[in-house]
Every structure is written in structure tokens, then in C-alpha cells.
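Engineer: Take 3 as the starting number for the sequence shown in my numbering and just add one per residue.
Just so you know, the hints here were simulated from the structure itself, not pulled from any lab data. Treat the hints loosely; a few may be bogus.
[Unchecked claim] For each label pair, taking beta carbons as the anchor points, the in silico distance ranges come out as:
id, residue 1, residue 2, range
1, W42, V90, 29 to 35 Å
2, R61, H89, 14 to 20 Å
3, P15, R61, 23 to 29 Å
4, G23, G57, 17 to 23 Å
Where a beta carbon is used, it is the ideal one built from N, C-alpha and C, also for glycine.
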Amino acid sequence: MLKMVGEAACAYPKDFNVHPGLARFMKLRAEMVHKRLADWALGEALAFGSLMVGGVHVRLSGQDSERGAFSHRHYVLHDQKVDKKVHVALNNISAQQVRILALMRYTYFLSGSRL
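Kindly produce the complete structure, drawing on both the sequences and the hints.
Structural biologist: Structure follows, in C-alpha cells:
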């Protein structure tokens, strides 16, 4: 199952216009899957993807939930030529999986209010 999730985590449609830097990133991620290696980002994708294949809904929230705080995640790819066209690779692992990786983008807001 991890190979299937890993391959899906670095795949995108052929007609999808990925930023060249992200295309290189995805290629390196695919090479790690092939070599059975994982960095933090791939390990996280394998964990979330395997949960989704098992029927567990996954929701991440925060300002950087789509790309990761250090640009390591890249769960949502944005087409560079078509406005508002996105691809969420982990929503395309298998036909039997939970199809929603919910990513909630909230801007951090700091104030003097009390909890």
C-alpha cells in the first residue's frame, strides 16, 4: 500500500501545468518512492494517504496547510496557466479511498484577546 500511496503523492495529470520547480520536486519524490526512501514530507504523505485509503478522513488546518510551513508538503498543486485549477494528489490514490483531504487555510491572527 505504501508504494501505491507514494506513487500517487508525486503524480499529477499530464495536461496540468506544474511550476518547473515543483515538477523537479515531484520527480525527486518519485525517485525516493522507487528507492524505498522517505524524507519528512514523503513520510507525512504516506501516513495521511494510508489513512485515507483505510477510510479515515484527514483534515489539516493552518495558513500553510497546502504547501507546508517550509514548502515541504505540496499537497495542493495550482495550475500555472489555468486560474483556480488545482490538483490534490492524495485525493487520487485509489477508487476505494476516502476522497477528501480537507485543507483549511486560515491566516494566523494574533491579538491581545484572552482565551
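Engineer: Taking the CB of P15 and the CB of R61, does the distance hold inside 23 to 29 Å?
Structural biologist: holds, 24 Å
Engineer: For the pair R61 and H89, does the Cβ-Cβ distance stay inside 14 to 20 Å?
Structural biologist: For H89 against R61, whose Cβ atoms are near 19 Å apart, the range 14 to 20 Å holds.
Engineer: Evaluate the given range 29 to 35 Å for the C-beta pair formed by W42 and V90.
Structural biologist: violated, 20 Å
Engineer: Return holds or violated for the Cβ distance of G23 and G57 against the range 17 to 23 Å.
Structural biologist: violated, 34 Å
Of the numbered hints given earlier, the model fails hints 1 and 4; all others are met.
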